[in-house]
Amino acid sequence: MWFVATVLAATPVAAVSVFRAVQVAWPRPVVQLLSFTPWLVLPAAVGLACAALSRRAWLLATTASLLALQLFWLFPLGHARPTQAADTRRVELKVMNINAQLGRADAAEIVRLVRDNGIGLLAVEEYTPALEDRLAAEGLASLLPNRISRPDGRASGAAVYSLHPLRLTGAVPDSQFLMPMVRLDLHSAGDSAGDSAGQTSLEVTIVHAKPPVDAGVVQWRQDLAALGKVAARPGNVVLIGDFNATYDHAEFRQLLAGAGGRPTVDVGVAAGSRLIPTWPMDGLPLPGIVIDHILTNPEISGGAYSVHPVPGTDHAAILATLSIPVEG
32 MWFVATVLAA TPVAAVSVFR AVQVAWPRPV VQLLSFTPWL VLPAAVGLAC AALSRRAWLL
92 ATTASLLALQ LFWLFPLGHA RPTQAADTRR VELKVMNINA QLGRADAAEI VRLVRDNGIG
152 LLAVEEYTPA LEDRLAAEGL ASLLPNRISR PDGRASGAAV YSLHPLRLTG AVPDSQFLMP
212 MVRLDLHSAG DSAGDSAGQT SLEVTIVHAK PPVDAGVVQW RQDLAALGKV AARPGNVVLI
272 GDFNATYDHA EFRQLLAGAG GRPTVDVGVA AGSRLIPTWP MDGLPLPGIV IDHILTNPEI
332 SGGAYSVHPV PGTDHAAILA TLSIPVEG
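Residue numbers for the sequence shown follow this note's numbering, beginning at 32 and rising by one.
Hints in this document: simulated from the structure, not taken from any laboratory. Some hints here could point you the wrong way.
[Said to hold, decoys possible] No more than 20 Å apart at the CA atoms, straight line, and that leaves these computed lysine to any residue pairs for SDA-like:
1) Lys125 to Leu174
2) Lys125 to Leu171
3) Lys125 to Gly149
4) Lys125 to Ala302
5) Lys125 to Val357
6) Lys125 to Glu330
7) Lys125 to Asp147
8) Lys260 to Pro329
9) Lys260 to Gly201
10) Lys260 to Pro294
11) Lys125 to Ile179
12) Lys260 to Val249
13) Lys125 to Leu194
14) Lys125 to Ala335
15) Lys125 to Gly334
16) Lys125 to Asn148
17) Lys260 to Gly289
18) Lys125 to Asn177
19) Lys260 to Glu330
20) Lys260 to Ser206
21) Lys125 to Arg178
22) Lys125 to Glu358
23) Lys260 to Met212
24) Lys125 to Leu197
25) Lys125 to Pro329
26) Lys125 to Pro356
27) Lys125 to Pro340
28) Lys125 to Val338
29) Lys125 to Arg198
30) Lys125 to Glu234
31) Lys125 to Leu144
32) Lys260 to Gly292
33) Lys125 to Tyr336
34) Lys125 to Glu140
35) Lys125 to Ser232
36) Lys125 to Arg214
37) Lys125 to Thr352
[What the hints assert, rightly or not] Simulated DEER-style distance windows between Cβ atoms:
38) Gly149 to Val38: 46 to 56 Å
39) Ile307 to Val244: 19 to 29 Å
40) Gly170 to Trp70: 36 to 46 Å
For each residue, glycine too, the CB sits at the ideal point set by N, CA and C.
With the hints as constraints, model all of the structure from the sequences given.
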């Protein structure tokens, strides 16, 4: 009995482990399955317990190896970490992201999070005209007076609100959803706007990659590859939003590793919060996964990372404080 139970628990773990370990362009069902890799630690542990009860040494060794592999993937050691120089002048910026799920997110809760956490930059995906009106009615402009937005009645709208002046510099090319790129000019505390010694610029990309559903897996890969090229640009760079990808996707790990020419740091992973899910917060009865991220170049350090559910949307809001080096 225990032998059969062990096989039933360990076989799916072994199968998905092969998909996770072999970095090829897997088809859509495998890509979707890989999103839930962290949850395999549960059947792996069950398999180990059943193997121990079966009293078969080879089975115990096999299931122990499977569990060790899952734990290794749960707590990765090889990802990039911030490389903060002790003598570098820095500017702090508190950032927040929310995918509003076709504009249905609770505007009052979004504004409350901005106000209570002193957010200086808010990124919104699936931004609609109705949400724009509700955010205005809740007084968001009094907190973040600068805005670049393109509302859309479907999922392709996007917006960025900022305490600091913004200018649009472009958009990620060939994407189905709008992914605008904006530039902020920041000043370190105590420096005036005219003091160039305390000034730095920050390029922010609002991310909304195509989800790997139906025929979208090809576009999903193209979006992540394009984001890798954006991340490789010189200077201070932040990519924030809904990547529709987890750390267990090879395509996302390649983005972090610098496939586009420069590595990036996942602020959530670096903060030890890789397992705090951001989707789905409601709706689909699925195990939670992390598909919303804040990525930076290694010279930017991040802290105070947190995840907050927002009524009306199946995505959580993610918040972090970024410490950005002053250029020059």
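Hints and how they fare:
Under the criterion of a C-alpha separation no larger than 20 Å, the hint pairing Lys125 with Leu174 is consistent with the structure, at around 13 Å. Distance check on the hinted pair: Lys125 and Leu171 sit about 15 Å apart at the alpha-carbon level, within 20 Å; holds. Using a Cα cut-off of 20 Å, the hinted pair Lys125 and Gly149 holds, with the two alpha carbons roughly 7 Å apart. Proximity of Lys125 to Ala302 is assessed by CA-CA distance (about 15 Å); at most 20 Å being required, the pair is judged to hold.
Note on Lys125 and Val357: the hinted pairing holds, with a Cα-Cα distance of about 16 Å set against a maximum of 20 Å. Taken as a hint, the Lys125 and Glu330 pair is honoured in the structure, with Cα atoms around 16 Å apart against an allowance of 20 Å. Straight-line distance between C-alpha atoms of Lys125 and Asp147 comes to about 11 Å, which keeps the hinted pair within the 20 Å bound. As the CA atoms of Lys260 and Pro329 are separated by approximately 15 Å, the hinted pair is consistent with the 20 Å bound.
Straight-line distance between C-alpha atoms of Lys260 and Gly201 comes to about 14 Å, which keeps the hinted pair within the 20 Å bound. For the proposed pair Lys260 and Pro294, the alpha carbon gap of about 10 Å is at most 20 Å, so the pair holds. For a cut-off of 20 Å, the pair hint linking Lys125 to Ile179 stands: about 18 Å separates their Cα positions. Note on Lys260 and Val249: the hinted pairing holds, with a Cα-Cα distance of about 17 Å set against a maximum of 20 Å.
Proposed proximity of Lys125 and Leu194 is supported: the alpha carbons are some 10 Å apart, at most 20 Å. Among the hinted pairs, Lys125 with Ala335 is consistent with the structure: their alpha-carbon atoms are about 9 Å apart, no more than 20 Å. A distance of roughly 9 Å separates the Cα atoms of Lys125 and Gly334; the hinted pair therefore holds under the 20 Å criterion. For the hint pairing Lys125 with Asn148, the CA-to-CA distance comes to about 8 Å; that is within 20 Å, so the pair holds.
For the hint pairing Lys260 with Gly289, the CA-to-CA distance comes to about 9 Å; that is within 20 Å, so the pair holds. In summary, the hint linking Lys125 to Asn177 is supported, as the alpha carbons are separated by about 15 Å, within the 20 Å threshold. For the given pair, Lys260 sits about 17 Å from Glu330 by alpha-carbon distance, which is consistent with the 20 Å threshold. For the hint pairing Lys260 with Ser206, the CA-to-CA distance comes to about 13 Å; that is within 20 Å, so the pair holds.
Between Lys125 and Arg178 the alpha-carbon distance is near 16 Å, which keeps this suggested pair within the 20 Å criterion. For the hint pairing Lys125 with Glu358, the CA-to-CA distance comes to about 19 Å; that is within 20 Å, so the pair holds. For the hint pairing Lys260 with Met212, the CA-to-CA distance comes to about 13 Å; that is within 20 Å, so the pair holds. The straight-line distance between the Cα atoms of Lys125 and Leu197 is roughly 15 Å, inside the 20 Å bound, and the hint therefore holds.
Taking the CA atoms of Lys125 and Pro329, the gap is near 17 Å; set against the 20 Å cutoff, the hint holds. Taking the CA atoms of Lys125 and Pro356, the gap is about 14 Å. The hint holds against a cut of 20 Å. Between Lys125 and Pro340, the direct Cα distance comes to roughly 18 Å. Compliance with the 20 Å bound is thereby established for this hinted pair. Under the criterion of a C-alpha separation no larger than 20 Å, the hint pairing Lys125 with Val338 is consistent with the structure, at around 14 Å.
Using a Cα cut-off of 20 Å, the hinted pair Lys125 and Arg198 holds, with the two alpha carbons roughly 19 Å apart. At roughly 15 Å between alpha-carbon atoms, Lys125 and Glu234 fall within 20 Å of each other, so this suggested pair holds. In summary, the hint linking Lys125 to Leu144 is supported, as the alpha carbons are separated by about 11 Å, within the 20 Å threshold. In summary, the hint linking Lys260 to Gly292 is supported, as the alpha carbons are separated by about 7 Å, within the 20 Å threshold.
Between Lys125 and Tyr336, the direct Cα distance comes to roughly 10 Å. Compliance with the 20 Å bound is thereby established for this hinted pair. A C-alpha spacing of about 17 Å is found between Lys125 and Glu140, which places the hinted pair at or below 20 Å, so the restraint holds. Only pairs whose Cα atoms come within 20 Å are accepted, and Lys125 paired with Ser232 is accepted, the gap being roughly 15 Å. Only pairs whose Cα atoms come within 20 Å are accepted, and Lys125 paired with Arg214 is accepted, the gap being roughly 15 Å.
The straight-line distance between the Cα atoms of Lys125 and Thr352 is roughly 4 Å, inside the 20 Å bound, and the hint therefore holds. For Gly149 and Val38, the hinted distance range of 46 to 56 Å is satisfied, since their beta carbons lie about 54 Å from each other. Our hint of 19 to 29 Å for Ile307 and Val244 holds, since their Cβ atoms are close to 23 Å apart. Taking the beta carbon of each, Gly170 and Trp70 are about 40 Å apart, inside 36 to 46 Å as hinted.
Checked against the numbered hints above, the structure breaks none of them.
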